[in-house]
Structures are given as C-alpha cells and as structure tokens.
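Using the sequences plus the hints, can you model the full thing?
Protein chains: 2
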Amino acid sequence: MAPSATTDLSVAAPKFADEVRLFAQEDDKTVDRFLREFRCLIADLVQQFGGGHPGSAMGMAAIGLSLWRYTMKFSPTNPSFFNRDRFVLSNGHTCLFQYAFLHLTGYEQMTMDQLKSYHSARYDSFAPGHPEIEHEGIEVTTGPLGQGVANAVGLAMATKSLAATYNKPGFDLVNNTTYVMIGDACPQEGVFQEAVDLAGHWKLNNLVMIYDNNQITCDGSVDMCSIEDLNARMRANGWNVIDVLDGNYDVEGIIKALQQAKASTEKPTFINVRTTIGIGSKVAGDAKAHGAAFGVDEVRNVKAKFSMNPDEHFVVSDEVYNIFADLKTRGQKLEQDWNALVADYAKEYPELHKEFIARVEGRFTQDWRSIIPSKDSFPTTPTPSRKSAGLVCNPLAAKLTNMMVGTADLSPSVNMAWKDKVDFQHPDLRTTAGINGTYQGRYIHWGIREHAMASISNGLAAYQKGTILPVTSSFFMFYIYAAPGVRMGALQHLQQIHIATHDSIGTGEDGPTHQPIALPALYRAMPNILYIRPCDSEETAGAFIAALEATNSPSIISLSRQNLEQFPQHSSRDGVLRGAYVFIEEADADVTLIGVGAEMAFAVKTREVLAEKFGIKARVVSFPCQRLFEAQPAEYKRETLRYRSNAPRVVIEAYAVNGWERYADAGYSMSTFGKSLPGKDAYEFFGFNGEKIAPQVAKLVEDVRRDGIESLRGEFRDLNTPPANH
Amino acid sequence: MAPSATTDLSVAAPKFADEVRLFAQEDDKTVDRFLREFRCLIADLVQQFGGGHPGSAMGMAAIGLSLWRYTMKFSPTNPSFFNRDRFVLSNGHTCLFQYAFLHLTGYEQMTMDQLKSYHSARYDSFAPGHPEIEHEGIEVTTGPLGQGVANAVGLAMATKSLAATYNKPGFDLVNNTTYVMIGDACPQEGVFQEAVDLAGHWKLNNLVMIYDNNQITCDGSVDMCSIEDLNARMRANGWNVIDVLDGNYDVEGIIKALQQAKASTEKPTFINVRTTIGIGSKVAGDAKAHGAAFGVDEVRNVKAKFSMNPDEHFVVSDEVYNIFADLKTRGQKLEQDWNALVADYAKEYPELHKEFIARVEGRFTQDWRSIIPSKDSFPTTPTPSRKSAGLVCNPLAAKLTNMMVGTADLSPSVNMAWKDKVDFQHPDLRTTAGINGTYQGRYIHWGIREHAMASISNGLAAYQKGTILPVTSSFFMFYIYAAPGVRMGALQHLQQIHIATHDSIGTGEDGPTHQPIALPALYRAMPNILYIRPCDSEETAGAFIAALEATNSPSIISLSRQNLEQFPQHSSRDGVLRGAYVFIEEADADVTLIGVGAEMAFAVKTREVLAEKFGIKARVVSFPCQRLFEAQPAEYKRETLRYRSNAPRVVIEAYAVNGWERYADAGYSMSTFGKSLPGKDAYEFFGFNGEKIAPQVAKLVEDVRRDGIESLRGEFRDLNTPPANH
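Residue numbers (UniProt numbering), protein chains in the order written: chain S, 1 to 726; chain F, 1 to 726.
Each hint should be verified, as a subset may be incorrect.
You can't tell identical chains apart in this list, so a pair holds if it fits in one copy or across any two.
What the hints assert, rightly or not - Here are the simulated lysine to aspartate or glutamate pairs, DMTMM-like style, with alpha carbons at most 20 Å apart:
#	residue 1	residue 2
1	Lys-692	Asp-681
2	Lys-421	Asp-223
3	Lys-116	Asp-681
4	Lys-637	Asp-718
5	Lys-680	Asp-124
6	Lys-465	Glu-549
7	Lys-116	Asp-318
8	Lys-168	Glu-355
9	Lys-333	Glu-351
10	Lys-305	Glu-355
11	Lys-347	Asp-337
12	Lys-692	Asp-588
The hints are simulated quantities; they were obtained by calculation from the structure and are not laboratory data.
See the structure below:
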C-alpha cells in the first residue's frame, strides 16, 4: 500500500550541505548520462551471463550515485581504512549495483574485467552472486534476506561503543556512519523487525537505512502479501522517516535526505525511496525485471530508450568515470587526517591510544590466557556447567575490552553478567527508565530476539577483524532461532562465542519444546564452527581456550542447566583442545565408552556397573568436540578410540546419534523428542542411568565376543529404545 | 514505554452484549473471590514443585475469566467439537493459567490431581511445563516464543477457508474465533511480526490477540531492550487496537473489549491489557515473579493479602466452581445445535456435505493415489526435480481440497502453482489491488517470511487433524529460517509437506549463502520428519507418496534447481518408500556406490569410469530417505547395503557427510561452504565429476583388497578434499 508520505519533522533540515553544493556543480547532463550508462551497464552484465538480477540495480542508480559520490566516507585505495563509513547491501542479490560502484570509485580489485565475471564460471571472480566479505569494499556477506539490516545495526553499535570508549574532546577517532540498503523483501523477514526495534531503542543515529521501494518481489506486487504501512512501523520503532518520491532521478532529493539523516541526533533514519524496478525496460515495474536477463533484443531497446548505442556494450564514458575521479585522493586525504589525529591522540592519551591501536589491529587488549582460572580454583562439588562458564567468562569479560557479552533475555539463567558490568545503552535511559547503561557498556540486553542477537553480533565482529569479540547467550534450543545468523558468522569466518545453556533433556521440566535433540547435528555438520560440550568446569575452561584460539571461527559452548559431577582426576582442558581424549584408561578394555558433556556421569557410572555386575572392563573417552578431534593426527585418533582393537565403542549422549557413527559402533541416545519432567526424571524416563545402560553394553560385548568385532562393521547399533507409548 | 493509549474508533462498540449482561448477573463478590482464589491456587501449584512460572498466570486471572466464562465457545465434554473457538497460549510458560481454567471449566482430563502434577516427576501428567497438543483443550504445543501467534493466524485462516468453502446462507457451519494470548516476549520475536503482517493483510477479523502487558521479561523491564510503541506497530499492520487499562480487576472492561473484537468486520484485533506480574506478592511487578516459586512464607503472605487462609492450600470454593458450572451443558447445547445444522445442510447441499464431513473426519476428499502420475508419463529428457515436483503436486493440489499450497515468494521458482489456482486472499484485493483471490483460494503468498510460513502452517494443520494439508515451499537453504516452525510441526505430529527446491551446491551462482551444506544433517537427525531427496521424476512421485502416507509426520521433499538425468530403467517410487534400494545391481561388486538425489548422476558416472578405466565393478544404491530406510527389516537393510560383503560402501553427496557414516565406509562430500559458480561449475570446482571421483574410489578398493575390509572399521574415509585456498 502507499505509505504515509510525510517527512518527519523531527529531523531538522541541515544547512545547505557541502554534498548538495558539490552535486550542484555537476552538469545536469553529466548526472543524466551517468544514470543512463549505469542502467545499460547493468543490463549488459546480466545479459552476457544470461541470468542474474538486473531490475533493482538499475532502479537504484540514483541512490548509488548519491551514496558513493556525495555522501559516504571511504578510501578506495585502502578498503579497510578504520573510520570508513560502512555500507551493507541487505538486498544482496542486487550485488551488481555495489560491484559497479566499487568499479567506478576505483577499488583496485573491481576491474571491468572482474565486473564482467559476475555469475561466471571463473574461479577467481571477485563478483559472486551475492556480496562476500572476502572481497574489497564488502563489509559483510549478505544474501539471506533481512540479516544485512541486523549486520548494519551491529556495525553502528560498534561505532558507538568504540567512540564512547576512545573518543575525547577534539579527538573523534571513530565517528563513521553505517548505511544499509534494503529492498521490499527485508522488511518482511522477522529478523528485520528484531533489529530495527533494537536500533531504535539504542538511538543509533549513526545508522541510515535506504529502502529501494519498488513494491515488487518475485511473486509480483507487495500488495499480494502485505498491507503494512512500513513508515508507520519504523516510526513505532523509534526511527526517523524521510520519503523521497522520485528515487529514479531525484539525486538531489536523495542527497538531501542522506544529509538530514546525518543530522539526526536521537534516532536512526529510514529513507523510503520510490524507484522503478527494471526502469527503461518493457518489464519496468514488473516482477519479470527482478531475476532474469532481459534478452538481447530488449537490452537493445533499453539502450535506445536511454539514448545509448545499442551496438555498444559495457559503456562507461570518460565523462562518467570523471564524476568519481577525485574519490581516491579524497579517501587518501581522509586517511592522512585520521592518522594525524591518532598520532596526536597518542601524545594526549598514551594508555588509551595503546589499547585503541590493539583493537584497530585486531588484538586482544590483554593476555587472555592468564585470566582463565586454573583447575584447582574450581569447586569440586557438583556444579552446573553454565555456572562453570560464568566462572571462566566473567573475569575475561571484565578485563578484555574487546568483549561485548549479551543475552537474549536470560541474564538470570546464563551467568554471563559479571560484577560491575555496565549495559550497552543510550545514557538517556538513566533518566527515562532508571536503567544504568552507556554506549561504553559491554553487556547487551538483546531482548527475546535470538536471530537478531546472532546477526547483529556478526556485524559487531565484522566491524574490523578482531576489534570486537561478541559473546551471545541463550538456551541451546533457541539457537535454532539464531541458526541463520550463526551460520552466516561461520561462513564469514567471524570469531564469536555462543553460550548455549540448558542443553540436552537434562534441562528438564520445560519439556520437549525446550529440549534439543537434533540441533547438535546441525552444528556438528556446519563448516567452520566449533560445537563444544564440556563435561565439567575444567573442560569448560578448555572450551573457552579453544574458542579464543579460534580466531577465524565462531564457537558454541554447550552447557548444562543442572548440576554436573566434577572429574578433576580425569578432565583436562588440554584434552578439550584435541577434541577427544582418554578420560579413564583401562589397558585391556572390552569396550570404550564415549562420554559427552552433561552425560559424562552416565558413562562413568556405566563403567562401574559393567565392572561390578558383568566383569567387563570399560575405558572412557571424553569427546567434547568432533571438529577439533578431526584436526588431530591419525595416530592420535586411533589411539584415543582404539580403532584397531577388538573393543567396540559406545557413545552415550542424550541427543540424536546422527554423526557419532564415525567414532562409535553403537550409541545410547535419543530418537524421539523429549518429555516434560524434572531433568533427573527426564534422564530416567529415557533410560539414561548407568544401571540401565550397562546391560545393553554388556550384551554388545557378548555379541562381539561371540561373533567377532567385524560383525559390527556397517551395522551401527542403537542400544536405547524410546519408552513405550512415547 | 507507555503505548499510545487510545482505543481505535474503527471498532464500533457492540450493543450491550449477552456476555456483559451475564457478567453483570454475577455477584461482584463472587468475581472478587474467584480472582483471589485463582491467584492463590497458582502460587500454591508453583510452590509445591518449588519452581515454575507463577507471576504472569496470576496477573492474567481476570483475562482468563473473561475468556472462558464469558466469551469462548467450547464444549468441555468434547474438546474436539469442530466449530469450537480456538485458544492458543503463545506465552506457553504460563501454562498453569490454561490448565487451571481447563480444570475449572470441566475438562475431564484436568482433575485437581492432574493440576498438581505440574512440573512433577509423574510420567502420566497432563500438565507439562508448556501446553502440549496431545492433551485435552490444547490446540497447539507452544513454548518457543512468538510461534503461538503464527499458529493462531493459521487457525484463523483455516476458519476463513472452511467458511468460504462450505458455509451457505443460513448455514454458518464454521464460524469460530481464534484467541491468542501473548506476553511481553512474543512481540519481540521476528516471527510475531511476520505473522501479524499477514493477519492484517488477510483481514482476519476472526482473530483476537490478548496481550498480557506487564512490561516484565526475565531480564527486567521491557524498557531495557525496546522503546517500541507496539499499539502503533499493530495499527501499521492493519489491526484494531483496544486498550484495557486495569487488566488485573476490570473483568467487565476485558469482556467488552473481547465483544468489540468480535464485532470487527475488517481487521484482526489486538487487546492491550495492562496487568501486574505476580500481583499480590512482594515481588509484584518485578522480574523475580516470572520464573520461580515465591517460597513458603511469601505464599502465606500472598494468601493473607488476598484474605485467604494461609494454612489452606489449593482452595477452590464451591462458589468459584459454580461460576463455571453451566459450561458443560452450554457446550453440549452448542454441539447439538451444530450437529442439527449439519444434518439440515446435508439435505440442502448433499455433495458439499459429503466433502465437508470428509474433512471434519480428517480424510482426503479424493483418492490421492489415483492422481499421482505414472512413471511413463514423465519426460525422459533431463528435468529439474523441482519441475518433477510440479508435475506430481499440481494435479494433487487442483483436486484435493484439503491441500493449501503456499510459497515464501518463490512462485516462479518452485513450480507449486497449478493451472487455475486461486489465491487465498481477502476478496477486497480485487478492487483495491486488482489481485484475484478469495478466502476459498488455496494458494498462499506467504511473502518473504519462511518462519511464519512454517509456523502458520502448523496452525492450519492443527485446526483439526487431517482437515487441511499445508504444503509450504522455498529454497531449501531458507528452511533454516523456517527450522523453528518445521521442528514444532514434527514435534506435534502434524502432517505437512515442505517443498525445498534449489538444494545442494547445484543451485549454483547465488553462491554459498544459498547453498546448503549442513542443513540436511539437522533434518535427518530430527525426530518424526521425513527428509527425502529424490533423484528423478519417478523418485519424486515416490517422495510425494511417502509424504502423503505419513499422516503423523511432516516431510521435506528436497529438489534440484538444475536439470537432472532421468533413470526410468532404474528409479522406483516403491524404492523411495523403503528409503533406499538397489539402483543398479552387480553380482560380485567390488564396491557399493550410494547415490543421493541431485548427485545420483555422479554415482552412475563413477560406476562407468570404474569399470572402463579401473576394471572395478560397482553397484549403485539410491538412498533418498534415511528415516524410511531405518524402518525396514534388518534383512532388507543388509541386502541393500551388503553389510557383510567385502565391498566397501561409498556415499556421494554434495552435503556435509555427517550421519552417512551409519551406512557407508567412505564419503565423497562437502566439508566447506560452497562457492558462487554456475551449478555445473560449482560441482566441478568441488570435484563432483565421475572422472575425479572414480580414482578415489579405486584407491579405496585397492586398499581394501590389500588390507582387508576390516581395516575400514571405525575409520571413515573422506575421499574428497576441499580445493586449495578455499
């Protein structure tokens, strides 16, 4: 539907800005020429591959010019200039839009040859089907819709956090703006709402969202599935709203809106720009312009319509290149000025400068290894591993200013709040709501927004590699809500730590909706992430060490709600770093029991019962992390699991067994959803009890004695069966 | 923050309603007594277990009375009365609220003894930690926040769909209302926004949301993480908004608001009810009242405050029971009247009646088996399996009126739209937006809202078992957004079919963000769901047969974007029903190749190369569904995979291999995220090519010849390695 179309009065019109003056100096004909050439260039690039997304990129030409030429601060010759403005293309399928501007503004990687590699079979392309963080000028990998907005919120938070921590009067070391571009899809995704609510709450006035409002998605008009007044929703979430009614051609209007946005002191800004998808083509304004090449003839028609020569391809005239010609030197000047400012800052604030530089260079501000508690500092009485995690993480969070630690509304449960922690909040909340927080605060109340928590954390981590280490937390089960964001963190090699408490059926009476069964299989299979399930406090320390060492990967530390027996005689942080290790050795064992995380005590108890009642010797292996184990030398793996022995290996874990078949011949596991019972009783109901497990293992050992170990080859045994009527 | 607090004028105040008159007849003292007893009962129930969620349930007492006593139509003696009003507790942790009303209103299952089993160790409890669909009076299982709202949207859609299809003048066979209760958490979850936008779009005036607005979540005040004006957001999404300022005591005000909601003709209604969490306790209005027992002393204080005897527990006086005494007979009367109406309808509309009864009884309206295309009707030229799925599903959807088929904005890609399909839309859209649709339409444009698509579909499926069969569709990768809803469908045993196209790296140039690697591991490990990957059209037919036969499970049919070779000589729909089957037999094979879905052609090609270049004999097994295979007899499994032979088994699939170790000794698979390349080139880049696979398999066969098959035991071989620098 038509949005309510008045510009918010809350944004004071800025004085006639330099950028608008700059625009006024351009010849109207030059701007016109740019728009025509840009749109034909996009049509050509999609046509040469015979597929891709031309329509929105063409519609957004004026927006792009307004941003890259007249608004954003960046340095094409140093794409990682620390204080650059960040740009996020949340409608990532329109990537040609961004690639074309990277080319025009002089990013070295994005040659015309590279631009032409869009969607091609070239292995060395810098122009993939969606923007990827590995390439120059790309801040985050986008594609899964809605998440780019959350990433941008994270980037803007990072600026606020760094500015509050390091800026001083006369020293605006960090003051960049984050711009995020969306199409009609992003606002429909739930994560968008989660993110914009938080951005409004935190009053991130350094965040500008530009809406390419062409009212078209794959299926057709947005009218088919939404009557929403998006402007009103954005206002309800605490955003300024500015309308630009002719986004196809009104470059000056867009520039002015962007200037108004920069002048906002209290709110993030949403610029609603009406455009026409596939402008200039016969499918303009139609879903057909979204995701397919126009065809050779129609590309010719588009060129004719834009007074371009239909026989010429990939035309960028010198006149158009000239528009962007000074951006390299302007960028170098920005860098020089900033470097000079930082040098002066070093003299005034030497200590802060030292810490700031560590963060600019992506180093931890302290030696974290010395902060990890020693084994003998942990209680030896039964302790929930979520509590152990607090014992390890709280001192780290208190001292490492890189860390920003948050929770999806589970502060009382996850134990991530440290003494004297200060919340990340707009300081106004002190007076309006009596809540103590500042932008310097590093404890984040995400609300009940798991997907945004993970996706915004990706933005925090992407600000500059190593500058911020986000720590998220929730119940493990709700990392299924967060999964799209967690995956994108792994895909982008962004270090972060996800604290996933209340794992397994041991979480108890909240019932099957809260008891993860299959989710571990996702995270164990996911590339480039460590899913670590420590069995006690010592292993929890090991899990944090592994997560901190993994500077190119996120980690999930999976923790119990309930008390866990401590095994100081057996457990080892170094063992965790190897993924699996011998927990209790037994020279001529009949069976190897694999114990995991919260269920380790069942493995140890089973061993006892096997010895006492069945005369069977069992050794126990602790196996907190499959991915870390895979990285070990073959010999270590063989020795740990005794591949070549005649002793079968049995894994005991209250999850779906899928994936354990690589390391075990049999499993005592879960094959149904859980049940609402107190944790101890839930375990009992599903047969997790050494007295019940041992006879099943004993039977397996007997079978092997009778039929030989080779009888197990290829026939994994499920030793546990779900209770009747369940 | 304080919401904008004016009641919408768009809701005409109804005439003095029966329900308000009924309320007026109750003695004020009786209502007061009810509120006092109810709140103390909740405090007692939580205290006896020593944990649980007392605060909100106490705060919602007046809301519950207004709903169960004065508003909702239901029949306690027949909880599945077809035209009952549906109630969904989206804030499922407050389940005691619902359980207590089920007890008071006379649901047989919910005795006082059962009520006391809340959170207990009793295996036979009907009072689990969150409401579960298995139990009387519970429409959907809730707990994962936000999803209950989407479920309720589905229930309300079901009513609209059935009413538009079967109601006739004088015959309002289906006209029930759906009520959904939320707390402060649900609106923060993204799925809430996705669902309310759709409900507003569809003008579901039979949907009423009641907001237990106590401004408290686990971490404290909502002010910590939101400044949103929720009323304004709801209005922006096309909802009526009604405020009730004293939700603790103003029963009459709540009843009137519910009556106003029922009078709405054009919009769903949001009733914003201010309450006090933990009312009557010393932690009233505080997060401490949310998720813990008050303690013995404080429960005594609460009772004293409410003028109850602190020494008495679980008190429900006759006076309070009497308030609800006539609900059983009233419910029976509702049923009798409805049955009479249906009987009259049978005379007037015999054909429609027959179909209606089939749906009431949860049967398909036609013999679906006869609609499935035969093998010889399929093209033998290469065909994308997403196209095959259209060939199978389109005629089913056209004829089976049980089916409601939707897509998350990918109509042009997923091939689920059948000829002459009509959209599910409010008919007004014809005039306002020129979009052809009615409430009778069975094609759903979900927009770009995968999580809501799955969660609303759970509501459609839960309306009454078998009445509606929802079919969802999107790219497989985006079933990671939908995963929380898909899981809840499996947990609730709700039959539905998820059409997941563009699976594997074969989806091509959209790149790694769109290429699933780990997601299959989640769905293969998830209890009670079939993840089926057919290799050609014939197997796609088999996948639909399996999905339609699985009346207690959802299924995911995983399909290719790209053309797939057809194997009419080998492929078998019956084979799909067994999960795996011999595709190409070879009597004295050296190796068994397991081919899966879109990668089957690589297995077949590898077999050829092995024969031609290495003189190695390979047999091929097609393995579309692990879960179905697990259900086969041991003998069938052994014969299919030749467990006891000396031939190793190699699975070839472009996913993470995790879980295949159960069936294979080695895998040719993916261990990194994908890459943006055209599908064919993506396969090539990652080594999926018979010429590249065959030598790796040949080496394995040689190793086995030399070292014996037992050398493989416990050492799964990864035959593929990721390309360098990837």
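Hint by hint, here is what the structure shows:
1. Lys-692 with Asp-681: For Lys-692 and Asp-681, only the intra-copy Cα distance (14 Å) is at most 20 Å; the inter-copy one is 52 Å.
2. Lys-421 with Asp-223: between (47 Å within a copy, 18 Å between copies)
3. Lys-116 with Asp-681: For Lys-116 and Asp-681, the Cα distance is within 20 Å only across copies (17 Å; inside one copy 62 Å).
4. Lys-637 with Asp-718: between (23 Å within a copy, 15 Å between copies)
5. Lys-680 with Asp-124: between (55 Å within a copy, 16 Å between copies)
6. Lys-465 with Glu-549: within (14 Å within a copy, 51 Å between copies)
7. Lys-116 with Asp-318: Within. Shortest intra-copy distance 19 Å satisfies the 20 Å Cα cut-off; inter-copy 81 Å does not.
8. Lys-168 with Glu-355: Within one copy only: 14 Å inside a chain, 75 Å across chains, cut-off 20 Å.
9. Lys-333 with Glu-351: neither (27 Å within a copy, 80 Å between copies)
10. Lys-305 with Glu-355: neither (57 Å within a copy, 56 Å between copies)
11. Lys-347 with Asp-337: within (16 Å within a copy, 87 Å between copies)
12. Lys-692 with Asp-588: neither (24 Å within a copy, 42 Å between copies)
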